[in-house]
Every structure is written in structure tokens, then in C-alpha cells.
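Here's the letter readout for the chains.
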Amino acid sequence: MLTVEGLHVRADAVELVHDVSFTIAPGERVGLIGESGSGKSLTALSLMGLLPEGVTASGRARLGERDLVGVPESRVKDLRGRALSMVFQEPMTALNPLMRVGAQVAEVMTLHGRPRHEARERAVELLERVRLPEPGQIARAYPHQLSGGQRQRVMLAIALANGPELLICDEPTTALDVTVQKQMLDLIAEVAPALLFITHDLAVIASMCERVLVMYGGRVVESGPLRDVFTRPRHRYTQGLLAASRLTPRGTRLPTIAGSVPPAGRFPSGCVFRNRCPHATPACETTPALTGDGHAHACWHPAD
Amino acid sequence: MPTHAGTPLIEAVSLNRVYRRPRTSLTRPGAAVHALRDVSLTVGRGERYGIVGESGSGKSTLLRLLCALDQPTSGSIRFDGQEITGRPERRLRFLRENLQIVFQDPMSSLDPRMRVRDLVAEPLAALGLPAGDRVNELLDAVGLPAGAADRYPHQFSGGQRQRIAIARALAPRPKVLVADEPVSALDVSVRGQILNLLADLVDELGLTLVFVSHDLSVVRHVCETVAVMSKGEIVETGPVDDVWAAPAHPYTRALLQAVPTLEGLL
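Chains A and B are the protein sequences, given in the same order.
For the first sequence, my numbering assigns the number 1 to the initial residue and increments by one for each residue that follows.
For the second sequence, my numbering assigns the number 1001 to the initial residue and increments by one for each residue that follows.
To be clear, the hints were calculated from the coordinates, so they are not data collected in a lab.
For every residue, glycine included, the Cβ atom is placed at its ideal position computed from N, Cα and C.
Treat each hint with caution, since some may be false.
Looking from chain A toward chain B, a few residues come up when the C-beta cut is under 7 Å (computed) [unchecked claim]: (1) 35; (2) 253; (3) 257.
Could you put the whole structure together from the sequences, leaning on the hints where they help?
In C-alpha cells form, the structure reads like this:
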């Protein structure tokens, strides 16, 4: 249903996302994992046509028969919020503080041609669908009167308003408490038609997705079925991330990945991970291709 | 609760903190919010004490009281045998020298217009202590390059900024380090580096650590003792391994079940 082929994102001379390709089938839940600065949010924003000024995407991305990248804004606007929609990380900045939340849910429907009174009624139904208590009252509340979890549910109601084919969630639970996070994840899993779920938290994605893409330095370095990738990681970066996600007993050293993610444009040539990789050799100065059917990896010295 | 030789380092007894909501009527006072209800805790010397709770549980209020950044409505806090509640700021110098804090978000806790050298030396200047070569010593201890001193916070990554915040907290050679969600804003790969660094420093310097987190699994890695907070009360306390293995309070059980984990899958 969603097909991305050779997606590149650039800001002037700096390449931020390099040759990203993947597909999402109807009903499929795909996870996009990576640290801050790996290019995962830019990938999502380029699908939504929401890249910041000065940042441009090229390549092909199609939702069904419709192109998403390299088409005029008028076409993207027609799809955004209808055929595909997105839940952002920070509900406090994504919601309009001066508008009642019911009106914000209704707005996305009137924008796509639904009559006003009908949109208002449907907004309350949607707030009920995302399990907000007393949806009629919540619809009249302003964002600041709601808790973080409630605000994120409102964001989800907005995203679902026009019955999208694909839902993109960018770190939707990072700002939430663990018990609230669990409810929110269960809800997303239940209502998402097809899902692209972005996070840096591997444990969160383990409960949500069937397939994962691991991004680092603007490239997909490993992809495959979640269980395969998480139990038998091939790329050394994935291996490091998994090791770092497990908390060892007290008094022991936590495994870490050496160094930190370089700023955009400062990744090494060849394999983007080679300056932090314990297995790097001169061979890594040449860029490895993403190879393998099903479970693919881009590494010269993969783990077994 | 494990107590060490002599008096405990921090002893809080029956702390209550009531806030008033802004009034909504001319004739009635604003509603009272009980942020803390009858909270008592004891932190021994050299202990690693974890406080777990979600937003609104009162853990930040408790922390502010322990650091004397706020005063309790009732109750007492003794630090190293001395009462710290009800004292004016000028009589809290011994506390400021001996207890320092690392905050959650190194983006907002470091002044963007100050160089790292001045940021790290600021607690010393505030206490009137000589800085000498202390800044370089501290930057080295937290694993930052010597050249870091002349740069600004925005030139560092999140993990490096948290290292700067730790160096700053350690400047006056405190006995107690209070860490308020020090790794919540960091990526997983960096989280391990900071937790390892904290463990090393606590060992080397013989610090007492008060570690606040919403994540019980992180507290289990770091601390020996844990207090679980909910709705302004400590609902469960004890050795963290016992609480982890056999949570007694329903809230602790809910908290444990909600933590996403890789273990079930792998």
C-alpha cells in the first residue's frame, strides 16, 4: 500500500536521509527505530509533505496509486489528514492552545469537505473512540485543561478523523508516564489501519510492530521481521542498541555504544557507523549495500 | 530499612506539603492540593536511594523539600543531624555544599549563554570557594575533553550536556548527589554511558545518591533501596530487589506491568 523507493532528503549540500526504501502492506505495523539524529522523523515528515523550509525530498513514495514526494503542495494537502495522518511527539505544541479540542478534531474534517454540524457530532464520537471519559465535556475543553495522556488521545482522534489508510506515529508516548503509555500503545494497536511507528525505545516497538527498520546516519542499516532482528541482529549498530536496552543487574557495567551520534553531515564516508563500531576495518570505508531477502542488513562484518 | 553506622544522612519525618490553587471565587480561598501526605524516609550514608513515581505523584515536591528549595507545610527534615526546614537561605550553606542536584533536562538546566568553564565553576563561586584547577579536574572526571571548558552548552550532544551538569553538581565536593530523572531525556545508547558514569563517581567519591525516576527497571539497576510514590504518599518502600520480585502494593504491581520490556519477546 505504501511504497517508498530511493527516498533522499537534503538540506542544501547536506544529505540527511539517503536512499531509504520500504513498503507497508494494508493492516501491517512497521517500526522505524533510531536515535535522535538518525533521520527517522525526517523520513516521516517527507511522507507527510511537512519538511521544514530549505529541506527537500526526492525519490519516490506512493500511497496506493498516489505520489507523495515531488508533487505540488495542493495534491499533498488533499491527502494529508485524510489518506495518511500523523500523531506527533509533543501534544502540547501540536495542539492549538486557543481552540477547544472538539473544534480541533472537527477542523480536520471540515477541511476535507465535511459539513460543519456533522463534523462537530463526529468529533465527539471520535473522542469517545479514543476512550476519553465524558467526550462531550472534553470536546469543550482547551488543551491546557487536559493531562498529557488525554492530549495525546485528542491527537489520535484528529489523526483518525477522516479514516486514514496509514497512520504515522512519531514517538507518541515518549512524554507520557509508563502506565499511561501502555494504555496509549494498546489503543494505537487497536485503531491503526496500517502503522508506521517511530521510536528510539526498542522495548516499546517490541509490543507494537511486526516488522522493523533500523535507521542510523540517515540510512536504513537493517530491516526485517521484528523477532528476527531483535533475536538475531546482524548489523553491529542494531546489536549495540539491543545490548544497551537491557538493564543488567546492579553493580555491573551497562553495555554502551562508544561515542555519540555525530551531527548531520559529519557521519563518516562508507559505512556510517564505522567510527563507533568495534568491528570496523578498512573495508568499511566502502559503503555496504542493504542486502538480504526479508531480513536485510548493510554491514561488512555482520554478527552471526 | 538498612541503616548505617551513626545517624542517617537524610531523615525526613511526616512531611506534608499543601499548595493552594489560585482562588476562583472572591469569597472563598482556592482549593487545597495535598502534594505530599505524611511522607517519611531515611537515607543512610553511602546508600543509593531510589524514588519512583509518575507525574503528579509528588516526587518532585519531595525532592524540592529535601533540597530545601521549598518548605514543607508540616514535618521535619534533618540533614546530617541538622534540621533544614524553616531556615533562611543564608543558614543553609552546609546543605548547599553537601547536597547537589542533577536535573532531568540538560537543555534547560544549563544557561545557554555561559561557557562550560563558568557553568562548572558557578557553584564554587556561589559558595565563595576557590576554583583553581577544579574545573579541568571535574571535566576529566566526567569524561569530557579538556577543550570542552571554552565551549557553550549547545555545542554538545544531550549525553555530553548531562556530563557537564554532573561535573557542575560535583564541584563543591558534595556528600549527596540528587539526580532527578537524569537519563529520561537521553537515547538508550547514551543512557548506559551516563548510568555507568554515575555509578563510577558514586563509588569513587563515596557519595550518597538519591535517584528519582519513573522507571523502576532503571532504579533497580542503580539503587539498593526504593520508595514508590503515588498520589503524594509513599505506598511501598524496601530493598529494590524485594519490591521488584514481590511488589506488595497494587500500584507498584501496575507500574511493573506497564514497563515495556524486551524480555518477554526474546
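Going through the hints against the structure:
1. Interface restraint check: residue 35 of chain A against chain B, minimum CB-CB distance 4 Å, threshold 7 Å, status holds.
2. For residue 253 of chain A, the suggested interface contact is upheld, since its CB lies about 6 Å from the closest CB of chain B, less than 7 Å.
3. A distance limit of 7 Å between C-beta atoms decides the matter here; for residue 257 of chain A the minimum to chain B is near 4 Å, and the interface restraint holds.
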